[in-house]
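This is what each chain is made of:
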Amino acid sequence: RKEVEQDPGPFNVPEGATVAFNCTYSNSASQSFFWYRQDCRKEPKLLMSVYSSGNEDGRFTAQLNRASQYISLLIRDSKLSDSATYLCVVNAAGSYQLTFGKGTKLSVIP
Amino acid sequence: EAGVAQSPRYKIIEKRQSVAFWCNPISGHATLYWYQQILGQGPKLLIQFQNNGVVDDSQLPKDRFSAERLKGVDSTLKIQPAKLEDSAVYLCASSKIEGTVYNEQFFGPGTRLTVL
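Residue numbers (this note's numbering), protein chains in the order written: chain A, 13 to 122; chain B, 65 to 180.
In case anyone wonders, no lab produced these hints; they're calculated from the structure. Please read all numbers here as calculations on a predicted model, not as lab measurements. Glycine included, C-beta positions come from ideal geometry on N, C-alpha and C. Worth double-checking, as some hints may not be accurate.
Claimed, not checked - Using C-beta positions, here's what the derived DEER-type ranges look like: (1) B:GLY117 to A:ARG78: 28 to 38 angstroms; (2) A:THR30 to B:GLN81: 47 to 57 angstroms; (3) A:ALA32 to B:SER82: 38 to 48 angstroms; (4) A:ARG78 to B:ARG80: 40 to 50 angstroms; (5) A:ASN77 to B:ARG73: 38 to 48 angstroms; (6) A:ALA29 to B:LEU134: 44 to 54 angstroms; (7) A:GLU68 to B:LEU180: 44 to 54 angstroms; (8) A:LYS57 to B:THR178: 21 to 31 angstroms.
Next up, chain A with everything else stripped away, as it sits in the complex:
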């Protein structure tokens, strides 16, 4: 089993749609969880951290289920500017290292 697995995608959705991405991780000692966004031919940038209680930032909602080792990202009211690859990222306890999933590509269509 890979350390971080994501929906393969690509996701092609119309503007205004709601889309959800899922991610599972294999290391139960993982401590911190993130979603990074990577635009085409650009560097990854932190979108949001994921907390056990769930957290929301505008149209974006992240959820964590430690028992199932599962992370999700929900995007509501999709915008054209949301088109990017979304990377699920996990940080092991006691380490500053990040382990990235392969990413899920989202294309928001007019």
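Chain A is already provided as a structure; the job is to place chain B on it using the hints.
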């Protein structure tokens, strides 16, 4: 605040040649990372420095890759000799260290390497 700087942005070489990449992290960031991102994959950590010491280089192919951060600021990553499978984007990232709390990693624009 200036971001992470990398150069060159693009490099094309033939297999068996050597290549070097340079990175200057955000001022004050003690930790520096080099990642390799192959097309269609997420970034994979190659090496992590804290100040001028190596924290983890377990995924660095040491027969051909080397990296250094001599003065604890900027860093170079070298490949010698290059193979076709080294074609990728090489990303440098940096972060602060504050106790054991994870701090956000900031990435540079990357160097896109093509090995022919």
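So, going through the hints one by one against the coordinates:
1. B:GLY117 to A:ARG78: 28 to 38 angstroms: 33 angstroms, holds
2. A:THR30 to B:GLN81: 47 to 57 angstroms: 49 angstroms, holds
3. A:ALA32 to B:SER82: 38 to 48 angstroms: 46 angstroms, holds
4. A:ARG78 to B:ARG80: 40 to 50 angstroms: 48 angstroms, holds
5. A:ASN77 to B:ARG73: 38 to 48 angstroms: Distance hint for ASN77 (chain A), ARG73 (chain B) holds at roughly 40 angstroms.
6. A:ALA29 to B:LEU134: 44 to 54 angstroms: At roughly 51 angstroms between Cβ atoms, LEU134 (chain B) and ALA29 (chain A) fall inside 44 to 54 angstroms, so the hint holds.
7. A:GLU68 to B:LEU180: 44 to 54 angstroms: Distance hint for GLU68 (chain A), LEU180 (chain B) holds at roughly 47 angstroms.
8. A:LYS57 to B:THR178: 21 to 31 angstroms: 24 angstroms, holds
Violation of the numbered hints given earlier is absent; every hint is satisfied by the structure.
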